[in-house]
Amino acid sequence: MLQFLQLVASGIAQGCIYGLLALGFVLIYKATEAVNFAQGDLMMLGGFVGLGTSVAMGMPFWIAFLATLIVMFLFGMLLERTVLRPLLGHPSFTVVMVTIGIGFLSRGMVTMIPVWGTETHVLPVPYRDQIVRLGGQGNEGGLVLPMEHLVIIAVTVALIIGLYLLFKHTKIGIAMKATSQNQLAAFYMGIPVRRINMLVWGLSAAVSACAGLLLAPITFVHANMGFVGLKAFPAAVIGGFGSIPGALVGGLIIGVVEMLAGFYLPEGFKDIAAYVVVLIMLAVKPTGLFGENLRKRV
Amino acid sequence: MRFQFKTHYHQDVRLFKHKGQIFWYAALAVLLLAMPWLMPEYYVSQLVFIWIYAIVSVGLMILVGFTGQVSIGHAAFLAMGAYTEGYLQQLGWPFALSLTFAALVSGITGIIVGLPALRVKGMYLAIATLAFGFIVEEGITRADSVTGGNSGMMLGSLEVFGLPIDSEQRMYYLCLIILVLCVVGVMNLLRSPTGRAFVAIRDSEVSAQSMGINLAYYKTTAFALSAAITGIAGALYAHKLRYLSPEQFTFLQSIELLIILVVGGVGSIYGAIFGAAFWIGVQQFIVIAKDWLPPAIGQQTGLQPTIFGIILIIFILFEPMGLYGRWLKIRTYFQLFPFYRKGMFRRQKSYMKSERMK
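Keeping their order, the protein sequence lines are chains A and B.
Just so we're aligned, residue 9 is where the first sequence starts under this note's numbering, counting upward by one.
Just so we're aligned, residue 126 is where the second sequence starts under this note's numbering, counting upward by one.
In isolation and in its complexed conformation, chain A is listed as follows (with noise of 0.2 angstroms):
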């Protein structure tokens, strides 16, 4: 029993990174109707920016995740500025395609960085290695939570909640939340729609640089890490693409199912089970556990 709690609880930790991926995707699947394929690419850079702040910069860890989530919430803005806003109102695959680019790009352009790219590197944390114990006496049993994956769960929470209240209380999350739901209407009610889109994106890789700051400390940084954002997928599809409470609750089932599938299943599993799940989920209810069902309008 303790066992299983012991891997549901890292589960957890795993399946909120992956649901802070899927949010990113579907922040930008709600405002463009696009779906990024270089999510995780994103998270990588963030990975990159916050060892250059932290470790070359030599910033206190704290102050340099701050500072990476600006500057890649700014490298969202670019982005959406150069690449995909010429892109506007052409088709969805097109948008994915030119995603995928972008990917193969960002994981090129940092193996090329001498001496940095092509390495694993290990982001300096203040909490690293500690351990909390819960139950058990003194150092003996009980169930084991390291630091990193407590900082995980609480920095999701955290992220969670401020983006609720940004949707709900201020003007640019209303409006976002307007885009979201119709471009042109939005537009025709004064919404600046484009800015409001590279709002979106620089939002969207913030999100997913502070995943993969949170991430560091448990895989380390390097330029391959991106390809953890496509078991984000199968997260957002099982909450209902384009449900944002869905992503992470999807995230969460990823990671649990994740971690008992390597335990409990032969070698293999593990690997595979976020894809044996979303097959399943989109056989039995395609549009997901939060997901509306919409149809298309001739």
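Straight-line distance between alpha carbons at most 16 angstroms, and here's what the computed EDC-like set of lysine to aspartate or glutamate pairs gives:
| # | chain 1 | residue 1 | chain 2 | residue 2 |
| --- | --- | --- | --- | --- |
| 1 | A | 278 | B | 263 |
| 2 | B | 365 | B | 291 |
| 3 | B | 454 | B | 444 |
| 4 | B | 246 | A | 41 |
| 5 | B | 365 | B | 166 |
What the hints contain is simulated information worked out from the structure, not anything from laboratory work.
Let chain A serve as the given structure and place chain B on it in line with the hints.
Positioned in the frame of chain A, the structure of chain B alone reads:
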């Protein structure tokens, strides 16, 4: 300038639109047949790769370019074809039979993968195919009694109807013949009611359905055909490489296949072939360029993905119709000379047409 005076509806669906085309295709055929004698063996070998990739692209084009269904797991069908061929060859089946069987196995898998397409579309379908691709990749790695797992599978030498395919030249002709058969087959398909139904589904599912097209049937057919052709290419790929391992059929391979389509031009058979030629060409170019670039850049492992990324982004931003679109523009320029206008192929800009209904 050529005027086509149409007097019959059949002229719209002819394989050759006018006599000039017959001449140019004949010239192309002669050139392609002579190619193995004109080129050193290494380049013939690269041409073989182009033909194989062209077959895959034609297969994928049926699905993506003509039916409008996205697949991000097509490497899985390639793997299906390749491993079926390899396994059957070990059992001693003749090539013609094992090739057919490889296409069949791949096609039936295509039907299974197409099943979600009946309920979901767009991005959901893309993710379903993505999931399928990962599951097949993992399955190949684990089923090592059949596939050899991570240690790979070796293929014996190939013999077609008693003729040993032991040189690059013979492989070249084999692949070229199969490519031509696939292309002609697909072109015929596209001018048949089935092909028109595919295109109708691509342009608007709702309209197609209201014109009496059975979406379920035609989508499944598109998946099956696309997968079967990819399976054929997989079988040839297996014989070309003579060694199969799961790393050849990853997610990145599927993405590369899509890039070929985009670079060549989505929605045309020419595009599939142009794209394949361009893709292999660029890879060769990178290999050659590595020698004369300064080692600080040339020896970088990140060089290839960077170039791929740049090519893809540039094509989508500046030439969304791909190489075929560029060719079309150049041809129109000379055909209409001096009346070509800049805006003739311009895209319409508009706000995103929402697929949602609120």
